[in-house]
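Visitor: Now for the letters of each chain:
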Amino acid sequence: MRRLIRYDEDEMNRILSSEDEILPSSGFAVSVMDAVRREAAAPPPIPFPWKRALPGLVVAGLAVTLVLVAGIVAIAQLGRASTTARFSTSWSLSLSSFLPSATPPILHGGMGSAAIWVAMALLLAFVSVKLSMRMASGRG
Amino acid sequence: MSASDDQADVERVLAGDIAAFEGIVRRWQGPLINLGYRFCRDRGRAEEMAQEAFLRAYRGLGQWRKDAVFSTWLFALATNLYRSELRRIPARTVSVSLDDIAEPADARASDGGLEDEDRDLAVRRAVLALPPKYREALILFYFHEMDVASAARSLGLPEGTVKARLFRGREILRGKLTQRLAVPRLKEA
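Protein sequences appear in the order of chains A and B. The numbers in the first sequence follow the working numbering, run straight up by one, and end at 140. The numbers in the second sequence follow the working numbering, run straight up by one, and end at 1189.
Just so you know, the hints here were simulated from the structure itself, not pulled from any lab data. A hint or two may mislead.
Now the stretches of chain A that chain B is said to cover, found in silico as 3 or more residues with beta-carbon under 8 Å [as the list claims (entries may be wrong)]: (1) 17 to 31; (2) 35 to 42.
Computed Cβ-Cβ distance ranges for the label pairs, DEER-style [to be verified]: (3) B:Ala1003 - A:Arg37: 24 to 34 Å; (4) B:Leu1014 - A:Ile46: 21 to 31 Å; (5) A:Ala53 - B:Leu1014: 25 to 35 Å; (6) A:Asp34 - B:Lys1066: 21 to 31 Å; (7) A:Ala35 - B:Ala1091: 17 to 27 Å; (8) A:Pro43 - B:Ser1002: 31 to 41 Å.
We treat Cβ as the ideally placed atom computed from N, Cα and C, and that holds for glycine.
Model the full structure from these sequences, guided by the hints.
Guide: Below, the structure is given as structure tokens:
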């Protein structure tokens, strides 16, 4: 029996080098080959049809851009109008006709608060998209 | 185990002969299972992880660049998988803290020393309780028969980093083991 006073490097090397080897189960190789054959037999994943989807994606992207630009312009007009307390431009008039009588305070708060709300909405949309992509890729 | 056998089998598999993969499995099942076992000390889980490693190897055979030996590529792939698996679901033994390592039941032999078997067990448990980066370096180093270069290739790290981790890992082990296992002798003295 060896006395244990301190663990020098040789002692540690001796202990950790003398690992018992375990033998694979008898059916291990067969089970791996079954899994490999299943893998090989599985149809390849269907690639995303980029060619077909591209026109739709481009149109959707343009539409989103247009809506965003229109929204920002409308908010800018509203902000300007709020300083004079009247909607004078045709943009504002047309927008005001769509707004309910009790419009949310954001539409009367000026450019600053509107920009903050737009930024928050965009941030929320970005986070939602990233989160859903992460969950879809199985890393979530 | 011949590198040319591996290369021939890989080429056959890539040419569509799936059965040729069995040669690779039979040649490397022992090492891959044993490597997994050193990471988790659970035979069933080691086999599951080894099976997944073989499946990933099968899927990625085309990515093996023949400038490295097949076994080097396979061990790196398996090591990467085992590390991420054990980070995802830690092995029960691994979750034990270094401070929780109990002294063996028969802590002293008649001459005041530990029984060899108990002492070896305590050392292995202590390795599993190390922080992951030191534990992985030590496991790979001893798995590759104390070859730093092979351990570094499997871990995908520079040799200098592996040496530093080995040094630090051994320091932690030495401190803990000396402190805990030598206590009976010190008390006696």
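Visitor: Give a verdict on every hint.
Guide: Taking the hints in turn, this is what the structure says about them:
With a threshold of 8 Å between beta carbons, the proposed coverage of the stretch 17 to 31 of chain A by chain B holds, since 11 of its residues qualify and at least three are required. Counting residues of the stretch 35 to 42 of chain A whose beta-carbon sits less than 8 Å from any beta-carbon of chain B gives 5, enough to reach three: the coverage restraint holds. Taking 24 to 34 Å as the suggested C-beta distance range, the pair Ala1003 (chain B) and Arg37 (chain A) conforms, at roughly 26 Å. The beta-carbon spacing between Leu1014 (chain B) and Ile46 (chain A), approximately 23 Å, falls within the hinted interval of 21 to 31 Å.
At roughly 32 Å, the beta carbons of Ala53 (chain A) and Leu1014 (chain B) sit within the given window of 25 to 35 Å. The hinted range of 21 to 31 Å is satisfied by Asp34 (chain A) and Lys1066 (chain B), whose Cβ atoms lie roughly 28 Å apart. Look at Ala35 (chain A) against Ala1091 (chain B): about 23 Å separates their beta carbons, and that is inside 17 to 27 Å. Distance hint for Pro43 (chain A) and Ser1002 (chain B): a CB-CB separation of about 35 Å, consistent with the stated range 31 to 41 Å.
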